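Taken in order, these protein sequences are the chains called X and B. Counting along the first sequence from 1, when you hit position 55 you're at 69 in our numbering, and nothing is skipped either side. Counting along the second sequence from 1, when you hit position 93 you're at 96 in our numbering, and nothing is skipped either side.
Each hint should be verified, as a subset may be incorrect.
[What the hints assert, rightly or not] Below, computed lysine to any residue pairings styled on SDA-like, alpha-carbon distance capped at 20 Å:
id, chain 1, residue 1, chain 2, residue 2
1, X, Lys69, B, Thr104
2, B, Lys100, X, Tyr46
3, B, Lys100, X, Arg64
4, X, Lys69, B, Asp103
5, B, Lys10, X, Lys69
6, B, Lys100, X, Gln65
Don't read these hints as lab results, they were simulated from the structure. Keep in mind it's a predicted model, so treat the numbers as computed, not measured.
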Amino acid sequence: AQTVTQSQPEMSVQEAETVTLSCTYDTSESDYYLFWYKQPPSRQMILVIRQEAYKQQNATENRFSVNFQKAAKSFSLKISDSQLGDAAMYFCAYRRGSSGDKLTFGTGTRLAVRP
Amino acid sequence: SAVISQKPSRDICQRGTSLTIQCQVDSQVTMMFWYRQQPGQSLTLIATANQGSEATYESGFVIDKFPISRPNLTFSTLTVSNMSPEDSSIYLCSVEKWPDTQYFGPGTRLTVL
Numbered sequence: 015a016q017t018v019t020q021s022q023p024e025m026s027v028q029e030a031e032t033v034t035l036s037c038t039y040d041t042s043e044s045d046y047y048l049f050w051y052k053q054p055p056s057r058q059m060i061l062v063i064r065q066e067a068y069k070q071q072n073a074t075e076n077r078f079s080v081n082f083q084k085a086a087k088s089f090s091l092k093i094s095d096s097q098l099g100d101a102a103m104y105f106c107a108y109r110r111g112s113s114g115d116k117l118t119f120g121t122g123t124r125l126a127v128r129p
Numbered sequence: 004s005a006v007i008s009q010k011p012s013r014d015i016c017q018r019g020t021s022l023t024i025q026c027q028v029d030s031q032v033t034m035m036f037w038y039r040q041q042p043g044q045s046l047t048l049i050a051t052a053n054q055g056s057e058a059t060y061e062s063g064f065v066i067d068k069f070p071i072s073r074p075n076l077t078f079s080t081l082t083v084s085n086m087s088p089e090d091s092s093i094y095l096c097s098v099e100k101w102p103d104t105q106y107f108g109p110g111t112r113l114t115v116l
C-alpha cells in the first residue's frame with residue numbers, strides 16, 4: 015500500500031522569507047502523480063501544485079515550487095516570498111497513474127506566517 | 004478546474020438521525036469522490052461514485068452507514084446514517100478533471116451531539 019509521510023506537524027516562517035515543507039512517500043508503482051494541497055481555516059482544499067512522476071523537471075507555480083527526488087521518494091514544497099495568506103494546513107498527496115484512483119494524503123503540516 | 008458546491012455547509016445533528024450531503028459540480032465528470040476529515044486529521048476516502056454504477060467503498064466504510072447516490076454526471080449525495088458523535092467530521096466531495104487532478108468542494112462540517 016502507498017503511504018505518504020509529512021514529518022513536520024508545524025512550521026513557521028517570517029513574511030517575505032522562504033520555507034520548505036517536506037514529504038516522503040512509499041510506492042512500488044512507476045506511474046503516479048504527487049500533489050500539494052492547501053487547506054486554510056475555511057477548510058476548502060485548494061490545489062497548490064502537481065507533479066507527474068515521469069517528468070524530471072520540477073513543477074513550479076508562481077511562488078510555489080517542488081523538489082522532486084524520485085529515487086529518494088521525496089517531494090518537498092518550497093514557498094518563496096511567504097505571504098500572510100499562505101498560512102494554512104498543507105497536505106501532500108499521492109495518486110497512482112490510473113485515472114479515477116484515490117488520493118492518499120499525508121498527515122499535514124500547519125504553516126504559520128509571522129508578520 | 005471545477006466549481007463545486009456542497010450543501011449544507013455545516014449542520015448540528017442529534018445522534019441516531021441521518022444527514023444527506025449534496026455535491027454539485029459545474030460540468031460533467033465521470034468520477035466523484037467522498038472523503039472524511041476527522042477533527043485535526045487528514046483526509047480519508049469513503050467511496051468513489053461513478054454515474055450509473057454502485058459506489059465503491061474503502062475498507063472500513065459500508066454502504067448501510069454511508070449510502071451514496073449518483074443520479075447524473077454533475078451531482079452526488081452522501082448520507083451519514085444513524086449518526087453518533089464519532090461521525091463528527093468534515094465531509095468533502097471531489098471530482099477528477101483533466102489533467103488527472105482532483106478538485107474539492109468547500110466541505111460540510113458535521114457535528115453530532
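To see whether the hints hold, each was checked on the structure:
{"no.": "1", "hint": "X:Lys69 - B:Thr104", "in the structure": "holds (16 Å)"}
{"no.": "2", "hint": "B:Lys100 - X:Tyr46", "in the structure": "holds (16 Å)"}
{"no.": "3", "hint": "B:Lys100 - X:Arg64", "in the structure": "holds (13 Å)"}
{"no.": "4", "hint": "X:Lys69 - B:Asp103", "in the structure": "holds (15 Å)"}
{"no.": "5", "hint": "B:Lys10 - X:Lys69", "in the structure": "violated (38 Å)"}
{"no.": "6", "hint": "B:Lys100 - X:Gln65", "in the structure": "holds (15 Å)"}
Comparing the model with each numbered hint stated earlier shows that hint 5 is the single one that does not hold.
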